[in-house]
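2 protein chains.
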Amino acid sequence: MATESNRRIVLAARPAGAPKESDLRLEEGPVPQPADGELLVRTIWLSLDPYMRLRMGTEVRYYPPIPIGEVIVGGAVSRVVESRHPAFAPGDIVDDYTGWQDYAIAQGASARKVDPALGPLSTAIGVLGMPGLTAYLGLVKVGRPAPGDTVVISAAAGAVGAVAGQVAKIAGCRVVGIAGGEEKLAYLTGELGFDAAVDRHGNDVPGALAAACPDGVDVYFENVGGPIGDAVYPLLAHGARVVICGGISHYNATEPPRTASHLAPILFTEAEVKGFNIFSYAAHYEHARRRLARWLAEGRLAYREDIVEGLENAPAAFQRLFDGRNFGKLLVRVSAE
Amino acid sequence: MATESNRRIVLAARPAGAPKESDLRLEEGPVPQPADGELLVRTIWLSLDPYMRLRMGTEVRYYPPIPIGEVIVGGAVSRVVESRHPAFAPGDIVDDYTGWQDYAIAQGASARKVDPALGPLSTAIGVLGMPGLTAYLGLVKVGRPAPGDTVVISAAAGAVGAVAGQVAKIAGCRVVGIAGGEEKLAYLTGELGFDAAVDRHGNDVPGALAAACPDGVDVYFENVGGPIGDAVYPLLAHGARVVICGGISHYNATEPPRTASHLAPILFTEAEVKGFNIFSYAAHYEHARRRLARWLAEGRLAYREDIVEGLENAPAAFQRLFDGRNFGKLLVRVSAE
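Chains A and B supply the protein sequences, listed in that same order.
When we follow my numbering, the leftmost residue of the first sequence carries the number 3, and every step to the right adds one.
When we follow my numbering, the leftmost residue of the second sequence carries the number 3, and every step to the right adds one.
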């Protein structure tokens with residue numbers, strides 16, 4: 003290992019508004035050495051997710067902000083290079099929050115061994131990983147879909163939304179996705195089997211959404227916020243559940259965002275609106291993952307990947323999460339499988 | 003009965019903004035005759051409540067709008083004058099939604115017989131009636147207060163808020179009330195035993211509230227909305243519950259209200275925000291009423307009444323609910339007990 007160096011992408015500056023490439027910096031350093039109980043791993047697939055933007059700010063968002071100069075947080079699928087933990091051997095594939103770097107130290111006590119039989123390795127951080135678990139558990143635990151319910155999903159073509167919508171279909175629901183542009187809409191109603199799709203760039207999003215939800219909205223899976231959320235709340239049906247899973251339209255905001263008041267729709271429908279954080283549902287991960295893996299094997303769960311080649315291209319790719327150019331689970335291929 | 007007439011206050015016009023006296027009209031007509039299964043009752047105490055404003059509008063708010071020319075809805079304590087139902091006899095005291103009028107027909111199948119031993123008759127539509135049940139069940143079923151929680155209540159000196167806060171004290175919580183003016187604040191921290199009170203007219207409501215809630219807000223009992231709610235959401239503690247019981251600052255709005263976005267505080271605290279409608283909890287009324295009556299008898303539940311003399315003065319009094327002049331449960335004495 004001594005001849006190799008480790009490339010790491012660190013936080014150079016806290017973004018003001020949308021993240022810029024100059025907010026991140028590629029550094030090189032020595033490959034780290036594992037201590038007892040640790041693993042040295044080499045990153046194969048790095049996941050790029052909206053929550054990382056929150057960790058670049060100054061507020062505690064789930065976890066404290068990333069310090070300036072520290073490697074950017076991120077889930078990754080990696081291969082064990084050296085193991086000092088009895089449960090792992092070189093060559094094992096693991097999934098852990100090892101960050102934007104070629105090599106990392108993983109803790110044997112917390113790293114998860116990936117079963118390659120469940121699907122392609124990249125799915126361990128996609129449809130069978132954090133995004134898939136977020137979709138399944140957010141929908142099931144907070145959204146509590148009943149057969150016949152109308153389920154609306156924003157950012158529906160995204161890594162979380164696409165799984166949430168397909169699970170809602172399996173649950174016997176009418177599923178309406180909101181996404182941007184014809185290609186994504188066609189994907190939702192075609193490959194993913196949604197019942198309807200609404201273009202967030204359309205002239206009359208509230209009208210289009212109302213037409214797609216003639217019986218109102220029983221479950222709203224919120225990933226976006228802002229005007230998209232505002233179009234949904236007036237359509238809530240009695241007893242609706244709103245899963246506040248994310249609010250990507252807010253993540254780059256430099257002023258406190260204002261929206262339509264949602265008080266009246268919540269009050270008069272007795273709706274329940276609840277924040278959802280996947281990390282609070284860790285006890286359910288394996289149960290949920292087995293279900294998702296079965297549906298994947300049965301061909302009932304489609305997914306799409308948006309693959310970027312090379313760690314050095316991660317900063318530019320990250321921006322695409324926020325401007326709608328990303329289509330499918332955004333992954334960086336850091337090294338060959 | 004033939005020599006008496008029945009005075010009724012009917013909806014003359016749908017209010018635009020704050021209700022005006024001219025939106026309501028006093029009419030006289032014959033005293034109605036009960037059919038089989040019905041009761042003729044004479045109103046003693048009429049309750050004036052904010053929800054009535056909603057029923058004067060054009061939207062379905064719990065129930066359809068009151069038609070123009072129809073009597074205004076309202077809960078009342080009345081005496082049975084004539085009974086054509088076997089469970090009731092003349093002289094019985096009943097509580098039903100008989101409206102703003104001297105005499106009314108009540109249905110024997112739905113009217114509730116009031117037990118005068120539980121408290122003064124007026125409490126049957128106050129601390130032991132809909133406002134008290136709303137406070138108790140909203141707090142307990144949706145707010146789910148745990149001992150040690152900080153509970154914030156808006157419109158805390160109102161008929162609902164005052165009971166909610168006292169029940170939260172009984173539940174072992176730190177209770178912070180928001181109300182307008184020194185007299186109400188002194189009432190909250192004095193007679194009602196709240197831990198702190200914040201003046202909604204203060205220069206820095208968010209700052210005062212933050213100072214009163216050093217550990218954040220675990221339960222917010224929302225009766226107001228608008229800027230008052232906006233001051234509370236950023237203080238939500240992890241796992242907070244928000245009981246959306248009312249939003250009086252919205253009821254006279256002529257434009258769709260806008261507020262600060264509550265998405266981020268809900269998302270990052272995993273808070274639960276739920277609309278509460280007392281009518282969905284009817285199965286729990288008697289259980290809750292017995293508890294409230296016991297605390298009332300034990301001197302653990304204080305209440306205050308704001309009494310208006312005469313049905314003809316109800317329209318003017320109703321406006322006081324919306325401008326902060328009302329202090330205590332607003333009641334109209336329609337006839338002597």
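Source of the hints: derived by calculation from the structure; they are not laboratory data.
Some clues are possibly wrong.
Repeated chains share a single entry, so a pair holds when one copy, or any two copies, can fit it.
List time: in silico SDA-like cross-link candidates among lysine to any residue, alpha-carbon distance up to 20 angstroms [as the list claims (entries may be wrong)]: (1) LYS143 to HIS240; (2) LYS171 to PRO122; (3) LYS143 to PHE270; (4) LYS22 to ALA319; (5) LYS115 to GLY93; (6) LYS115 to PRO149; (7) LYS143 to GLU274; (8) LYS115 to GLU193; (9) LYS171 to GLN109; (10) LYS22 to GLY182; (11) LYS171 to PRO88; (12) LYS143 to ARG291; (13) LYS115 to ALA213; (14) LYS22 to ARG57; (15) LYS143 to GLY241; (16) LYS171 to GLY204; (17) LYS115 to ASP38; (18) LYS143 to GLY183; (19) LYS143 to THR261.
The hints, checked one at a time:
no.: 1; hint: LYS143 to HIS240; result: both (19 angstroms within a copy, 18 angstroms between copies)
no.: 2; hint: LYS171 to PRO122; result: neither (24 angstroms within a copy, 56 angstroms between copies)
no.: 3; hint: LYS143 to PHE270; result: between (23 angstroms within a copy, 17 angstroms between copies)
no.: 4; hint: LYS22 to ALA319; result: within (10 angstroms within a copy, 59 angstroms between copies)
no.: 5; hint: LYS115 to GLY93; result: within (11 angstroms within a copy, 77 angstroms between copies)
no.: 6; hint: LYS115 to PRO149; result: neither (35 angstroms within a copy, 41 angstroms between copies)
no.: 7; hint: LYS143 to GLU274; result: both (12 angstroms within a copy, 13 angstroms between copies)
no.: 8; hint: LYS115 to GLU193; result: neither (31 angstroms within a copy, 61 angstroms between copies)
no.: 9; hint: LYS171 to GLN109; result: neither (38 angstroms within a copy, 46 angstroms between copies)
no.: 10; hint: LYS22 to GLY182; result: neither (22 angstroms within a copy, 47 angstroms between copies)
no.: 11; hint: LYS171 to PRO88; result: neither (42 angstroms within a copy, 53 angstroms between copies)
no.: 12; hint: LYS143 to ARG291; result: within (14 angstroms within a copy, 33 angstroms between copies)
no.: 13; hint: LYS115 to ALA213; result: neither (46 angstroms within a copy, 47 angstroms between copies)
no.: 14; hint: LYS22 to ARG57; result: within (15 angstroms within a copy, 52 angstroms between copies)
no.: 15; hint: LYS143 to GLY241; result: both (15 angstroms within a copy, 15 angstroms between copies)
no.: 16; hint: LYS171 to GLY204; result: neither (25 angstroms within a copy, 51 angstroms between copies)
no.: 17; hint: LYS115 to ASP38; result: within (18 angstroms within a copy, 75 angstroms between copies)
no.: 18; hint: LYS143 to GLY183; result: neither (30 angstroms within a copy, 43 angstroms between copies)
no.: 19; hint: LYS143 to THR261; result: neither (26 angstroms within a copy, 28 angstroms between copies)
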